[in-house]
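J.: Sequence:
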Amino acid sequence: MGKRVLIVDDAAFMRMMIKDILTKNGYEVVGEAADGAQAVEKFKELDPDLVTMDITMPEMDGITSLKQIKQVSPEAKIIMCSAMGQQAMVIDAIQAGAKDFIVKPFQADRVIEAIQKVLN
Numbered sequence: 001m002g003k004r005v006l007i008v009d010d011a012a013f014m015r016m017m018i019k020d021i022l023t024k025n026g027y028e029v030v031g032e033a034a035d036g037a038q039a040v041e042k043f044k045e046l047d048p049d050l051v052t053m054d055i056t057m058p059e060m061d062g063i064t065s066l067k068q069i070k071q072v073s074p075e076a077k078i079i080m081c082s083a084m085g086q087q088a089m090v091i092d093a094i095q096a097g098a099k100d101f102i103v104k105p106f107q108a109d110r111v112i113e114a115i116q117k118v119l120n
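In the UniProt record's numbering, the protein residues as written are 1 to 120.
I should point out that these hints are in silico values taken from the structure, not numbers from a laboratory.
Model, not experiment: these values are computed from the prediction.
Heads up, the beta-carbon is just placed ideally off N, CA and C, and yes, glycines get one too.
Do not take every clue at face value.
[To be verified] With a cut-off of at most 20 Å between alpha-carbon atoms, the simulated SDA-like pairs for lysine to any residue come out as follows:
1) K3 to A114
2) K67 to Q95
3) K77 to E32
4) K3 to V118
5) K24 to K44
6) K19 to K70
7) K42 to A83
8) K24 to Q95
9) K44 to N25
10) K104 to M89
11) K19 to A114
12) K104 to K42
13) K42 to S73
14) K99 to K117
[As the list claims (entries may be wrong)] Ranges between beta-carbon positions, derived for each pair:
15) G2 to A88: 28 to 38 Å
16) Q107 to G26: 16 to 26 Å
17) A12 to E41: 15 to 25 Å
18) K24 to V118: 13 to 23 Å
19) V72 to V118: 14 to 24 Å
20) G85 to G2: 31 to 41 Å
21) D109 to E28: 26 to 36 Å
22) L46 to G85: 29 to 39 Å
23) K67 to D47: 29 to 39 Å
24) N120 to K24: 28 to 38 Å
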């Protein structure tokens with residue numbers, strides 16, 4: 001059975017890219033969210049095996065969302081997605097409990113490698 005993934009990114013194009021990579025590699029995308037607040041709600045509702053979380057989003061950023069999800073479910077597996085030049089934010093995210101991070105623009109092999117590492 002494919003692992004269930006929640007994709008969080010404010011850019012529909014980025015969500016589509018990740019979804020494409022995941023579904024081609026046997027993962028089930030159970031939901032999508034466009035901001036951190038939606039991500040927390042969808043996480044509670046869907047209980048995914050993994051979350052891919054953009055760092056920079058409107059309403060609530062990815063790091064705040066990560067912290068809230070970790071309060072709901074301390075064992076949640078979350079991979080942060082960031083553009084180049086956000087190293088300080090990536091460090092904050094890892095300290096807050098993110099399992100890994102992938103850099104945009106996404107490279108399919110790096111996305112799958114990160115997900116396999118986190119899920120195994």
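J.: A separate judgement is required for each hint: does it hold in the structure or not?
T.: The hints, checked one at a time:
For the suggested pair K3 and A114, the alpha carbons sit about 14 Å apart, so the restraint of at most 20 Å is met. Of the pairs offered as hints, the one joining K67 and Q95 holds, with about 10 Å between alpha carbons and a cut-off of 20 Å not exceeded. Distance restraint check for K77 and E32: the Cα-Cα separation of roughly 16 Å lies within the 20 Å cut-off, and the hinted pair is therefore satisfied. At roughly 12 Å between alpha-carbon atoms, K3 and V118 fall within 20 Å of each other, so this suggested pair holds.
Our distance criterion of 20 Å between C-alpha atoms is broken by K24 and K44, whose separation comes to about 26 Å. Distance restraint check for K19 and K70: the Cα-Cα separation of roughly 23 Å exceeds the 20 Å cut-off, and the hinted pair is therefore not satisfied. Of the pairs offered as hints, the one joining K42 and A83 is violated, with about 24 Å between alpha carbons and a cut-off of 20 Å exceeded. About 31 Å separates the Cα atoms of K24 and Q95, which puts this hinted pair outside 20 Å; it is violated.
Pair hint K44 plus N25 does not hold up; C-alpha atoms about 25 Å apart against a cutoff of 20 Å. With a C-alpha separation of about 14 Å, the suggested pair K104 and M89 falls inside the 20 Å cut-off, and the hint holds. Proximity of K19 to A114 is assessed by CA-CA distance (about 15 Å); at most 20 Å being required, the pair is judged to hold. This hinted pair does not check out: K104 and K42 have alpha carbons roughly 23 Å apart, beyond 20 Å.
Only pairs whose Cα atoms come within 20 Å are accepted, and K42 paired with S73 is accepted, the gap being roughly 13 Å. A hinted pair counts as satisfied when its Cα atoms are at most 20 Å apart, and K99 with K117 qualifies at roughly 9 Å. For G2 paired with A88, a C-beta distance near 34 Å keeps the hint of 28 to 38 Å intact. At roughly 18 Å, the beta carbons of Q107 and G26 sit within the given window of 16 to 26 Å.
The beta-carbon spacing between A12 and E41, approximately 18 Å, falls within the hinted interval of 15 to 25 Å. As the Cβ distance of K24 to V118 is approximately 18 Å, the hint placing it in 13 to 23 Å holds. The supplied range of 14 to 24 Å is met by V72 and V118, whose beta-carbon atoms lie about 18 Å from each other. At roughly 33 Å, the beta-carbon separation of G85 and G2 lies within the given 31 to 41 Å, and the hint holds.
At roughly 20 Å, the beta carbons of D109 and E28 sit outside the given window of 26 to 36 Å. About 31 Å separates the C-beta atoms of L46 and G85, a value consistent with the hinted range of 29 to 39 Å. Taking 29 to 39 Å as the suggested C-beta distance range, the pair K67 and D47 does not conform, at roughly 18 Å. Separation of N120 from K24 is about 19 Å and departs from the stated range, judged on CB atoms against 28 to 38 Å.
Violated hints for the displayed structure, listed by number in ascending order: 5, 6, 7, 8, 9, 12, 21, 23 and 24.
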